[in-house]
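Start from the sequences and build out the full structure, keeping to the hints where you can.
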Amino acid sequence: MRSLRVRTQRRTELVEITESVAQALSGTDTGEGACFVYCPHTTAGLLINERADPAVAHDIRGALDRLVPQDGPWTHAEGNSPAHVKASLVGSSVLVPLVDGALQLGTWQGIFLAEFDGPRERVIQLRILS
Amino acid sequence: MRSLRVRTQRRTELVEITESVAQALSGTDTGEGACFVYCPHTTAGLLINERADPAVAHDIRGALDRLVPQDGPWTHAEGNSPAHVKASLVGSSVLVPLVDGALQLGTWQGIFLAEFDGPRERVIQLRILS
Amino acid sequence: MRSLRVRTQRRTELVEITESVAQALSGTDTGEGACFVYCPHTTAGLLINERADPAVAHDIRGALDRLVPQDGPWTHAEGNSPAHVKASLVGSSVLVPLVDGALQLGTWQGIFLAEFDGPRERVIQLRILS
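Respectively, the protein sequence lines represent chains A, B and C. Here the first sequence stands for residues 0 to 129, numbered as in numbering that gives the first Met the number 0. Here the second sequence stands for residues 0 to 129, numbered as in numbering that gives the first Met the number 0. Here the third sequence stands for residues 0 to 129, numbered as in numbering that gives the first Met the number 0.
You may find that some hints are simply not true.
Far from chain C, by Cβ distances over 10 angstroms, these chain A residues were calculated [as the list claims (entries may be wrong)]:
{"no.": "1", "residue": "Arg4"}
{"no.": "2", "residue": "Val14"}
{"no.": "3", "residue": "Thr27"}
{"no.": "4", "residue": "Ala62"}
{"no.": "5", "residue": "Pro68"}
{"no.": "6", "residue": "Gln69"}
{"no.": "7", "residue": "Gln108"}
{"no.": "8", "residue": "Gly117"}
{"no.": "9", "residue": "Ser129"}
Between beta-carbon pairs, the in silico distance windows are [said to hold, decoys possible]:
{"no.": "10", "chain 1": "C", "residue 1": "Arg10", "chain 2": "B", "residue 2": "Ala21", "range": "38 to 46 angstroms"}
{"no.": "11", "chain 1": "B", "residue 1": "Gln22", "chain 2": "A", "residue 2": "Ser2", "range": "45 to 53 angstroms"}
{"no.": "12", "chain 1": "C", "residue 1": "Ser2", "chain 2": "B", "residue 2": "Val98", "range": "27 to 35 angstroms"}
{"no.": "13", "chain 1": "A", "residue 1": "Arg1", "chain 2": "C", "residue 2": "Arg9", "range": "38 to 46 angstroms"}
Computed, partial: chain B to chain A, Cβ under 10 angstroms [as the list claims (entries may be wrong)]:
{"no.": "14", "residue": "Leu46"}
{"no.": "15", "residue": "Val93"}
{"no.": "16", "residue": "Leu94"}
{"no.": "17", "residue": "Leu104"}
{"no.": "18", "residue": "Gly105"}
{"no.": "19", "residue": "Gln108"}
Simulated from the structure, these hints should not be mistaken for lab results. Note that the structure is a prediction, hence the values are computed from the model and not measured. For glycine and all other residues, C-beta sits at the position ideal for the given N, C-alpha and C.
See the structure below:
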């Protein structure tokens, strides 16, 4: 198991981590398998989407903020229930095909940490499944 | 493959199954791997989020009920289309890092069966990937 | 790794691919494992839900279209930001339990390619994890 530290800068933000994941895998020789990327947090998640135009990540973040507005009703007293809901919607892990330690993402795809209650330092865990 | 039976009590409800999953895995000696938790139902799903304060699960359930209201328009005649939509949003499986049969969840994380068309008895399947 | 080509017919559409996935796996002898189905696109995703009544897939598609309406505000200039958001919500992969090359889906479950920016030809990748 390897891990990455990611510093987020805003309350809600998609931070691309594709290169960091790729570097953490370099030197592994896995044959065919999958990279299991795991987020151990409950107010952030992981997703795969377009990396070519940063406006896409911006729009995904904005749409999630509109889908789960800050005003509830909420019962959890910390005021970050929308972050928990958004993390549940995008999910806590992604799986990416892997060949000999190289991520086999689609042409336009990147891996994003979806921060919903930042800014914070987040830890992301990587594991190879075969 | 191992399986769990989970009795849900309400129409929509998040039921924490972390301890049941952990017990079902005890005694397995897997080295490093992942626990693949699978929901074979179409009106329930699985998600990972905060287990410390039960108000979080309550808020997630409530937000999903507001996101997908009971009134459609719907074409499926059984009246449970919102349950199918919510199950599609949260997903039918979760993956959790595993070391020697012990779940490696984050500090605040638990595994939840997300019931959207209860009350029912549900079956959840577990498998170890390495 | 095996792959499927799927021709979609509409802008947004759920296309069932269960039989194509099952055929691509036939002849593999895997013991117990999981089938990792991966979508390398950023405006389409994958989900598991009911295959028995096609009205369910129709209702899921409709609900996603209402959740993420075409009018934004959006900053991505291609006009397909809603498709990227919907793909992020449903996710880029599904995992299905596998025994000796046979998918172990629940009674009512099927695997669907969720097209959000069609019509197009899509490629879906399959890999066996054990």
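Status of the hints after comparison with the structure:
In this structure arginine 4(A) is separated from chain C by more than 10 angstroms, as the shortest Cβ-Cβ distance comes to about 24 angstroms. Under the 10 angstroms C-beta cut-off, the non-interface status given to valine 14(A) relative to chain C holds; the minimum distance is some 14 angstroms. The claim that threonine 27(A) is not at the interface with chain C holds, since no C-beta of that chain comes within 10 angstroms of its own (minimum 16 angstroms). The Cβ of alanine 62(A) sits about 4 angstroms from the closest Cβ of chain C, inside the 10 angstroms cut-off, so the non-interface label is violated.
Look at proline 68(A): its CB is around 13 angstroms from the nearest CB on chain C, clear of 10 angstroms, so calling it non-interface holds up. For glutamine 69(A), the shortest C-beta to C-beta distance to chain C comes to about 18 angstroms, beyond the 10 angstroms cut-off, and the non-interface label holds. Chain C draws glutamine 108(A) into its interface by the beta-carbon criterion, the shortest separation being 6 angstroms against a cut-off of 10 angstroms. With a closest Cβ-Cβ approach of about 18 angstroms to chain C, glycine 117(A) is found to remain outside the 10 angstroms limit, as its non-interface label requires.
Not every Cβ of chain C is farther than 10 angstroms from the Cβ of serine 129(A); the closest lies at roughly 7 angstroms, contradicting the non-interface assignment. Separation of arginine 10(C) from alanine 21(B) is about 44 angstroms and conforms to the stated range, judged on CB atoms against 38 to 46 angstroms. One distance hint, 45 to 53 angstroms for the beta-carbon pair glutamine 22(B) and serine 2(A), is violated here, with the actual separation near 27 angstroms. In this structure the supplied range 27 to 35 angstroms holds for serine 2(C) paired with valine 98(B), their Cβ-Cβ distance being about 33 angstroms.
Separation of arginine 1(A) from arginine 9(C) is about 42 angstroms and conforms to the stated range, judged on CB atoms against 38 to 46 angstroms. For leucine 46(B), the suggested interface contact is upheld, since its CB lies about 5 angstroms from the closest CB of chain A, less than 10 angstroms. Taking 10 angstroms as the C-beta cut-off, the interface hint given for valine 93(B) holds, the closest approach to chain A being about 7 angstroms. Residue-level restraint check for leucine 94(B) holds (minimum Cβ-Cβ distance to chain A is 5 angstroms; threshold 10 angstroms).
Taken as an interface hint, leucine 104(B) checks out: its beta carbon lies about 7 angstroms from the nearest beta carbon of chain A, inside 10 angstroms. With its C-beta approaching chain A no nearer than about 3 angstroms, glycine 105(B) sits inside the 10 angstroms limit, and its interface hint holds. A least Cβ separation of about 6 angstroms between glutamine 108(B) and chain A falls short of the 10 angstroms threshold, and the interface hint therefore holds.
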